[in-house]
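Chemist: Take a look at the letters that make up each chain.
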Amino acid sequence: MSGLELRNIAKNYGAVSVIKGINLTVADGEFVALVGPSGCGKSTILRMVAGLEDITDGDILIGEKVVNELTPRERNIAMVFQSYALYPHMTVYQNMAFNLELSGKSKAEIETRVQEAARMLELEPLLDRKPSQLSGGQRQRVAMGRAVVRAPAVFLFDEPLSNLDAKLRVQMRGEIKALHKKVGVTSIYVTHDQVEAMTLADRVVVLNRGVIQQEGSPMELYRRPANLFVAGFIGSPAMNFFEATIAGGAAQATNGLRFPFVAERQLVDGHKVVVGVRPEHFASGDGAMEGEVTFVEPTGGQTFVTLDLAGHQTMVLVSSDEDIFAGNRLSVSAPLERTYVFDAETGVRLSAN
Amino acid sequence: MPHKTFFAFVMPSLIAMVLFIALPIVSVVVQSLYVAHDRVMVQVENCQPFGGCSTELRVDAAATAELQAEQPLGKFNGLGTYFNRAHLAFDELGVILQTNRGLGDIWNRVLNLPFYKGLIFTLVYCFVVTPLAMALGFGIALAVNALPKVTKGPIIFFSLLPMIITPLVGSLILYWMLSPNGILGATIQHLFNDPTLSLRASPGLTWIALLLYGVWTNGPFSFVVFYAGLQTVPADTLESAMIDGASRWERIRYVIVPHLMPLATFVALVQLMDNFRVFEPIVGFSAEANATSLSWLIFNDLSGDTQQFGSAGATSVLTIIGVVILLSPVLVRTWREFKLKVV
Numbered sequence: 001m002s003g004l005e006l007r008n009i010a011k012n013y014g015a016v017s018v019i020k021g022i023n024l025t026v027a028d029g030e031f032v033a034l035v036g037p038s039g040c041g042k043s044t045i046l047r048m049v050a051g052l053e054d055i056t057d058g059d060i061l062i063g064e065k066v067v068n069e070l071t072p073r074e075r076n077i078a079m080v081f082q083s084y085a086l087y088p089h090m091t092v093y094q095n096m097a098f099n100l101e102l103s104g105k106s107k108a109e110i111e112t113r114v115q116e117a118a119r120m121l122e123l124e125p126l127l128d129r130k131p132s133q134l135s136g137g138q139r140q141r142v143a144m145g146r147a148v149v150r151a152p153a154v155f156l157f158d159e160p161l162s163n164l165d166a167k168l169r170v171q172m173r174g175e176i177k178a179l180h181k182k183v184g185v186t187s188i189y190v191t192h193d194q195v196e197a198m199t200l201a202d203r204v205v206v207l208n209r210g211v212i213q214q215e216g217s218p219m220e221l222y223r224r225p226a227n228l229f230v231a232g233f234i235g236s237p238a239m240n241f242f243e244a245t246i247a248g249g250a251a252q253a254t255n256g257l258r259f260p261f262v263a264e265r266q267l268v269d270g271h272k273v274v275v276g277v278r279p280e281h282f283a284s285g286d287g288a289m290e291g292e293v294t295f296v297e298p299t300g301g302q303t304f305v306t307l308d309l310a311g312h313q314t315m316v317l318v319s320s321d322e323d324i325f326a327g328n329r330l331s332v333s334a335p336l337e338r339t340y341v342f343d344a345e346t347g348v349r350l351s352a353n
Numbered sequence: 001m002p003h004k005t006f007f008a009f010v011m012p013s014l015i016a017m018v019l020f021i022a023l024p025i026v027s028v029v030v031q032s033l034y035v036a037h038d039r040v041m042v043q044v045e046n047c048q049p050f051g052g053c054s055t056e057l058r059v060d061a062a063a064t065a066e067l068q069a070e071q072p073l074g075k076f077n078g079l080g081t082y083f084n085r086a087h088l089a090f091d092e093l094g095v096i097l098q099t100n101r102g103l104g105d106i107w108n109r110v111l112n113l114p115f116y117k118g119l120i121f122t123l124v125y126c127f128v129v130t131p132l133a134m135a136l137g138f139g140i141a142l143a144v145n146a147l148p149k150v151t152k153g154p155i156i157f158f159s160l161l162p163m164i165i166t167p168l169v170g171s172l173i174l175y176w177m178l179s180p181n182g183i184l185g186a187t188i189q190h191l192f193n194d195p196t197l198s199l200r201a202s203p204g205l206t207w208i209a210l211l212l213y214g215v216w217t218n219g220p221f222s223f224v225v226f227y228a229g230l231q232t233v234p235a236d237t238l239e240s241a242m243i244d245g246a247s248r249w250e251r252i253r254y255v256i257v258p259h260l261m262p263l264a265t266f267v268a269l270v271q272l273m274d275n276f277r278v279f280e281p282i283v284g285f286s287a288e289a290n291a292t293s294l295s296w297l298i299f300n301d302l303s304g305d306t307q308q309f310g311s312a313g314a315t316s317v318l319t320i321i322g323v324v325i326l327l328s329p330v331l332v333r334t335w336r337e338f339k340l341k342v343v
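Taken in order, these protein sequences are the chains called A and B.
Residue numbers 1 to 353, in full-length UniProt numbering, belong to the letters of the first sequence in order.
Residue numbers 1 to 343, in full-length UniProt numbering, belong to the letters of the second sequence in order.
Honestly, I wouldn't trust all of these hints.
Simulated pairs of lysine-lysine, DSSO-like, Cα-Cα distance not exceeding 30 Å [said to hold, decoys possible]: (1) B:K149 - A:K130; (2) A:K20 - B:K149; (3) B:K149 - B:K117.
Stretch by stretch, here's where chain A covers chain B in the computed footprint (C-beta under 8 Å, at least three residues) [said to hold, decoys possible]: (4) 83-93; (5) 172-185; (6) 205-212.
Computed far set for chain A versus chain B, every beta-carbon distance over 12 Å [claimed, not checked]: (7) R47; (8) A50; (9) A283; (10) E345.
These are calculated hints, taken from the structure and not from any lab test.
Virtual Cβ for every residue (Gly too), placed ideally from N, Cα, C.
Turn these sequences into a full structure, and let the hints steer you where they fit.
Modeler: Written out as structure tokens, the structure reads:
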């Protein structure tokens, strides 16, 4: 096992720069998720680590060794693809044994390692089947088995759960987490689903337009987003934003909405800002702000309520114990320590929390 | 779909198939059972003023024409045409097998029987040209697929040229090039230091030239189909194989070839059927003396002054049986799959 380091890596397609100097260190055995919207460059980074894509600039180190010029085979990595990328004409056993056969391992060793991986992933009854005879979840498990069997230095996951239905996704998420716990291999997991990233990873790296926006533990990103992009991307449902101006130490939004907050530094009046409050952080009941309920989405334990707060369509999360209907009036308040304020121009967080 | 609607849709095709496929086949089978009438002969006495009289046999043109008009199909011969020397030649084969001086003698004497001479070359042509042309087409497809986009267009056009050229013209061009004063023929003579070496004189060279021509002209079809197939190979699976440590050759062997296998079966079938009716190169190369094919035999029976419809019909029926035998593995497989589905 070994760690991974990206030193100022960049990728250009002609004149278009898609990755702009990424620096990232992944410790030995760490599980890091790269998350961001489509086109942010997360898959490109993964493919560069795998050796499937050339890098324009910088260095990639696996276990303190620069691997820029090495072929995928020589990098000792394993990759799980979104489409599973199994060999359709081979059985599950042959799929898992393929790499070992190519690297000239003995039949006995191949048998032992495949059986071990199959046991770990509960694939034993499926070993003689072809991929076409498997369900989506089973195929993904085979893809993981194929990766595990090689005992690689680094695991790369490229949106492996995107093709599965919601229920299976949750189940497979658990299996991936359990697998990582068992084998403890350094892993990079690419996804556009921030819930997946937060539930799985030790550390989450948020990317946008080829630049790292913020990296940290899932709760760190949730609690202290570095900028407007991270604040909007992390958390589900997404944070509510209000354009505002600093006035008397608070953020004054249009139509009289006022958000007191704890500033990190002194801000002058008239400074243009964006206020962010997560739906789950609004306290409903006796609040300073009141609006009409326009939309109610019960999900069981909680209810998403869309509120017209002085012309701002605002999502508020309330307990399903409260009976709220469209047309009702609801008053809410934004707690001081949970109110985020960002610079309107640069997007950088200005509030202390 | 109701049966009535189904038949309404299928009927035009069925009618066309009966008219253009079934009826001609029935006609060919019927004709193969008949031979041309014997000419009606009459004995005439021919007397000369000073030489006395002699009797001689003459063709009675009027009676022959009358007979022909009465029975235009000719004389019923049953399966006689199939078994005669020009076709299956069982009697001749029996003699060859009983009185021969080894395998070489059997080979030479069998090659003197026209049907077997045509059949052997046809089969050799099928089973040599088909795999080689497919391999060539696949190789070109792989090479073109690896080219930068800018160069792909011209190279694809260039690779398709053999398919665009009319087979007769293509084979004629190659024949001229291989003739003693052509560029290839002269080069071969020079290389082997044998001024007498010529295509016309050497059966071996004729066969090689015909087979090479076959590969050259059949290659583009395989190329086009395989090139299209290569565009459908999943990139993820190829990349997965790269990560698994497969070299370029191993990726072809374990990912691309299995992916293209159904396509290869289709190409092999089409090419086999196409090659089974090899004809033009034999005419183009004027190779009748050294190599003939079943199609050429039919052409030979039907051309010239006396058209031997019965003989051509018998060769045609034997050719159809040959095609059925060639296709039978696929037909059996399709039937089994159909039965499995029904069950």
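Chemist: For the stretch 172-185 of chain B, count the residues whose Cβ lies under 8 Å from any Cβ of chain A; is that count three or more?
Modeler: violated (count 0)
Chemist: Can the stretch 83-93 of chain B be counted as covered by chain A under the rule of three residues or more with Cβ-Cβ separation shorter than 8 Å?
Modeler: violated (count 0)
Chemist: In terms of Cβ atoms, is chain B entirely out of 12 Å range of A:E345?
Modeler: Its Cβ never comes within 12 Å of chain B, the nearest being 41 Å, so this holds.
Chemist: A:K20 and B:K149 were given as a pair; does the straight-line alpha-carbon distance stay at or below 30 Å?
Modeler: 27 Å, holds
Chemist: Given that the stretch 205-212 of chain B was listed as covered by chain A, double-check it with a C-beta distance under 8 Å for 3 or more residues.
Modeler: violated (count 0)
Chemist: Within 30 Å, alpha carbon to alpha carbon, are B:K149 and A:K130?
Modeler: With a Cα-Cα distance of about 36 Å, the restraint between B:K149 and A:K130 is violated, given a limit of 30 Å.
Chemist: Minimum Cβ separation between A:R47 and chain B greater than 12 Å?
Modeler: The assertion about A:R47 is violated, with a minimum of 8 Å to chain B.
Chemist: Does the alpha-carbon distance linking B:K149 and B:K117 stay inside the 30 Å limit?
Modeler: Given pair B:K149, B:K117 is violated - Cα atoms ~48 Å apart, limit 30 Å.
Chemist: Would the non-interface assignment of A:A50 survive a Cβ cutoff of 12 Å against chain B?
Modeler: 6 Å, violated
Chemist: Check the non-interface label on A:A283: least C-beta distance to chain B beyond 12 Å or not.
Modeler: 48 Å, holds
Going down the numbered hints, you'll see the structure goes against 1, 3, 4, 5, 6, 7, 8, while the others check out.
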